[in-house]
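S.K.: Given chain A, work out where chain B should sit, using these hints.
Residue numbers (the numbering used here), protein chains in the order written: chain A, 27 to 175; chain B, 27 to 175.
Hints in this document: simulated from the structure, not taken from any laboratory.
Keep in mind that the hints are not guaranteed to be accurate.
Since the list can't tell identical chains apart, any single copy or any two copies may satisfy a pair.
Unchecked claim - No farther apart than 30 Å at their CA atoms in a straight line, the calculated lysine-lysine pairs in the BS3-like style are these: (1) 43 <-> 158; (2) 158 <-> 90; (3) 94 <-> 158; (4) 158 <-> 58.
Being a predicted model, the structure only gives us computed values, none of them experimental.
Okay, here's what each chain looks like letter by letter:
There are 2 protein chains.
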Amino acid sequence: MTKSSNEIEEGLAFLPKFDADGLITAVATDAKSGDVLMVAHMNADALRNTIRTGEAWYYSRSRKRLWKKGESSGHIQRVVELRVDCDQDALWLKVEQEGPGACHTGRRSCFYRAVPLGQSGPVTLEFRNADKTFDPHAIYAAPANKPRR
Amino acid sequence: MTKSSNEIEEGLAFLPKFDADGLITAVATDAKSGDVLMVAHMNADALRNTIRTGEAWYYSRSRKRLWKKGESSGHIQRVVELRVDCDQDALWLKVEQEGPGACHTGRRSCFYRAVPLGQSGPVTLEFRNADKTFDPHAIYAAPANKPRR
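Next comes chain A alone, as it looks inside the complex (with noise of 0.2 Å):
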């Protein structure tokens, strides 16, 4: 182990390993269920705005640019705590989410379809907890507000 990964791994510098376009892994959890509402993704400027103001701040891939969290729908994110991983290349947020939901698609996660084990071949999914909890078209009004990533 090199001395640079010890001090990745084993230190207490923050040292965030941006990916080739600037960005890092952001895991949010539910802070009482512990389910995943979602996978999303952080420049410097979101995580700056992170961890300054203890709200989930995004960079959002489609849009290409900073978005924070409930901007348009009121649905934010409160920060209970921001962890990082061994080699500092993936965030969790465990997050106590305002609002019936995290999903543009109007649920409270975006992980409401299951994969079923044990099979080879073509895969259908599985609806789990899919039923929506608000409507994302009366919450984002313009296409331009779809909080996608």
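M.R.: For chain B alone, kept in the frame of chain A given last:
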């Protein structure tokens, strides 16, 4: 919304979206505690093997090869549930982690450091659940066995 994005987001066809490197992000959480254990990547073979066997396979970006979690350490992950997100570019594995930990540094989770919130400027991390639960040097005898991503 185009028909295609509607199919991806609302349909039951499994259409995993691999990135330019042929990889998809996979988040493994502890099925009991809800803690995020690791963030890794799968290629098509890793995903196929995971679905078929019900045990987690990944693709190691550093070693550039398919990797069954636990193949060196015995610390396999039994997948309790596999889910895909709205735009099908991220996977969530709820797993039963065999053995003392998932992280190659010798800890249960890769996320053993917190980023303090509410501040600007340089950040000093804080250890969280950072006690080593196994000796990685004893488990991974040869450097080639080191389960880096």
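S.K.: Work down the list of hints and note, for each, if the structure agrees.
M.R.: Here is what the structure says about each hint:
no. : hint       : in the structure
1   : 43 <-> 158 : between (35 Å within a copy, 23 Å between copies)
2   : 158 <-> 90 : within (27 Å within a copy, 40 Å between copies)
3   : 94 <-> 158 : within (22 Å within a copy, 36 Å between copies)
4   : 158 <-> 58 : both (20 Å within a copy, 26 Å between copies)
Violated hints for the displayed structure: none, as all numbered hints are satisfied.
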